[in-house]
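**Student:** The residues making up each chain are set out below.
2 protein chains.
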Amino acid sequence: MPREATIREVGLRDGLQSIARVLPTAQKMAWIRAAHAAGQREIEVGSFVPARLLPQLADTAELVTFAKTLPGLFVSVLVPNLKGAERAIDSGADLMIVPLSASHAHSLANLRRTPDEVVQEVARIRAARDAAGSNMILEGGVGTAFGCTLQGEVEEGEVLRLMQALLDAGADRVSLADTVGYADPARVQRLFSKARALAGDRLWCGHFHDTRGLGLANVYAALQTGVTRFDACLAGIGGCPHAPGASGNVSTEDLAYMLRSMGIATGVDIAQLLALRQQVAGWLDGETLHGTLWKAGLPKTLTCVQPRGERVLS
Amino acid sequence: MPREATIREVGLRDGLQSIARVLPTAQKMAWIRAAHAAGQREIEVGSFVPARLLPQLADTAELVTFAKTLPGLFVSVLVPNLKGAERAIDSGADLMIVPLSASHAHSLANLRRTPDEVVQEVARIRAARDAAGSNMILEGGVGTAFGCTLQGEVEEGEVLRLMQALLDAGADRVSLADTVGYADPARVQRLFSKARALAGDRLWCGHFHDTRGLGLANVYAALQTGVTRFDACLAGIGGCPHAPGASGNVSTEDLAYMLRSMGIATGVDIAQLLALRQQVAGWLDGETLHGTLWKAGLPKTLTCVQPRGERVLS
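If you read the sequences in order, they're chains P and Y. Quick note on UniProt numbering: the first sequence kicks off at 1 and runs consecutively. Quick note on UniProt numbering: the second sequence kicks off at 1 and runs consecutively.
Just to be clear, a hint being listed does not mean it is correct.
If several chains are the same, the list does not tell them apart, and a pair holds so long as it fits within one copy or across any two.
Claimed, not checked - When the alpha-carbon atoms are kept at most 25 Å apart in a straight line, the in silico DMTMM-like pairs for lysine to aspartate or glutamate are as follows:
1) Lys300 to Glu158
2) Lys83 to Glu287
3) Lys83 to Asp94
4) Lys295 to Asp285
5) Lys295 to Glu158
6) Lys194 to Asp94
7) Lys295 to Glu153
8) Lys83 to Asp285
9) Lys83 to Glu155
10) Lys300 to Glu156
11) Lys194 to Glu153
12) Lys300 to Glu155
13) Lys300 to Glu153
These are computed hints drawn from the structure, not numbers from a lab. It should be emphasised that the depicted structure is a prediction, and the values quoted were computed from it without experimental measurement.
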């Protein structure tokens, strides 16, 4: 088991993009400030997609500028294509992630491109970044890596082929995402092991949904293969577009608790995170939220934060 | 990973004992019949405690008699002491489980005995069973094995000492329970590995609560140590007496789904289980239920049952 792990907060992007209401920029900034104060050091603040498609994320550039004023905060954004990447490079974010869907059906339906066309776009994005003299990190995220609501099965071999193609096209990092909540721990262990053998430390992040309750079990399986960075959404916001009412991303506070209880340091203060959850829940009043820890609170045997660099056996 | 695993349904005991309303015996029988039809082969139908303490479970003897009419159903009951054990032996159940709390504080508060006094009672129960010429299996269940809301930390060494003492006193089987939802996967892996080294195949069952969202991750960790039997409650009923609204036992349908998706055969038909969940939810209208799968349904890549003896890679 690793001694330390990182939670990348994606609530402001993956969470909010699935919620119709537009959260005011000031509230998003308050969220980012409080998450930083709670010890979170990686936040995906938005997506450079056209504002007419996702008005909820129209203030992404402004949020990057704000987030970069917070000391030590590593700021990510999602970009769907070269045009978005150019805006991301201008924004001054630290990392841009380009989503690719290993399911051809899902790729065509959601991105209107085949997976291999997305790989070609990543090559163009890499060239644009280099031409701009930017040192922004380029991450390729392989989604529907464990199956797809449209296509059904997604072959492991195809996932690994696309991951290699992304690296060949110039991606600095690659990630695996269970976009629709089909993953199980046995399959996670198998695919992440193969992905690590292929990509080594360039395998950057695991992105799990809790659609069918296996989110944290899947994180635990991935941890066992050496992955130490996981996406999560505060309060599990975002839900599942294919199943109204079902859970979305792994919830940040539950993941922080699991890692804390296992003695894996994240530097995150869970009590502060639970307070922030309550605040965000107020802003999102009426939306279905998720997560489990907030109902029961921390066990009396745990303090609410384990600083990095300090190993505490659970 | 094992090829097969068993879910022991404990909703009729652990679930219903935490719910004030008394479910009519006919509804409990319908539940047992439907669970059996869905492929469940081990059910804990109740507890031989005085009816004035738990009126919800007063019909346990009647339920044992009924359950024993269903072909191939292995019927368990909980007994708190020798008097309960004598009733259990008369009932014709297949197994009786005697709970012991490794937390001294919890043991005194809940059982009004020290853990070692419970061990002595187990020796008396063993003697009574043998004197009756019964071949009922005697299981000692070590609860609060991962910590306690009253006492806080519970030492691993004490848990293992009590487990050995139960075996020495004549228990045929021993189990470990995370009674209050303090366990994490790292600790589960550690303690279950040591418990298996001590008890071998006499280590019978893992009992996890999902109080803080780690229930299934803990099951996965225990599976990795070779344990293949887990307690669960349909709809996660029962909740947590220490945290109103929080989850209780691992929910049967979510556990069945995790095992199914990992290619571990339980013989349980998940579609039938979800239909039964809906029926029981109607009977328990107004109670807080739990579980995740029922909102999203099965992935389209999975059939709803994997018969035992047939290995399907996920």
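**Student:** Hints first: check each against the structure and report whether it holds.
**Tutor:** Verification of the hints:
1. Proximity of Lys300 and Glu158 under a CA criterion of 25 Å is satisfied inter-copy only: 19 Å between copies versus 46 Å inside one chain copy.
2. Within a single copy, Lys83 and Glu287 get their C-alpha atoms no closer than 32 Å, and across copies no closer than 51 Å, so neither meets the 25 Å cut-off.
3. In this assembly of identical chains, Lys83 and Asp94 lie within 25 Å of each other by CA distance solely inside one copy; the values are 17 Å within and 68 Å between copies.
4. Proximity of Lys295 and Asp285 under a CA criterion of 25 Å is satisfied in both settings, with 17 Å inside one chain copy and 21 Å between copies.
5. For the homomeric pair Lys295 and Glu158, neither the shortest alpha-carbon distance inside one copy (41 Å) nor that between copies (30 Å) is at most 25 Å.
6. In this assembly of identical chains, Lys194 and Asp94 lie within 25 Å of each other by CA distance neither inside one copy nor across copies; the values are 27 Å within and 45 Å between.
7. Taking CA atoms no more than 25 Å apart as the test, Lys295 paired with Glu153 passes between copies only; the shortest distance there is 21 Å, against 36 Å inside one copy.
8. Taking CA atoms no more than 25 Å apart as the test, Lys83 paired with Asp285 passes in neither setting, with 34 Å inside one copy and 53 Å between copies.
9. Taking the shortest Cα distances, Lys83 and Glu155 never come within 25 Å of each other, neither inside one copy (30 Å) nor across copies (58 Å).
10. Taking identical chains as interchangeable, the C-alpha atoms of Lys300 and Glu156 lie at most 25 Å apart only when they sit on different chains, with a minimum of 17 Å there against 42 Å within one chain.
11. In the homo-oligomer, the alpha carbons of Lys194 and Glu153 lie at most 25 Å apart inside one protomer (18 Å), although the nearest pairing across protomers, at 38 Å, exceeds that limit.
12. In this homomeric assembly, Lys300 and Glu155 come within 25 Å of each other (Cα to Cα) only across copies, at 15 Å, whereas the closest approach inside a single copy is 44 Å.
13. Taking CA atoms no more than 25 Å apart as the test, Lys300 paired with Glu153 passes between copies only; the shortest distance there is 9 Å, against 43 Å inside one copy.
The structure fails to meet hints 2, 5, 6, 8, 9 from the earlier list, while all remaining hints are met.
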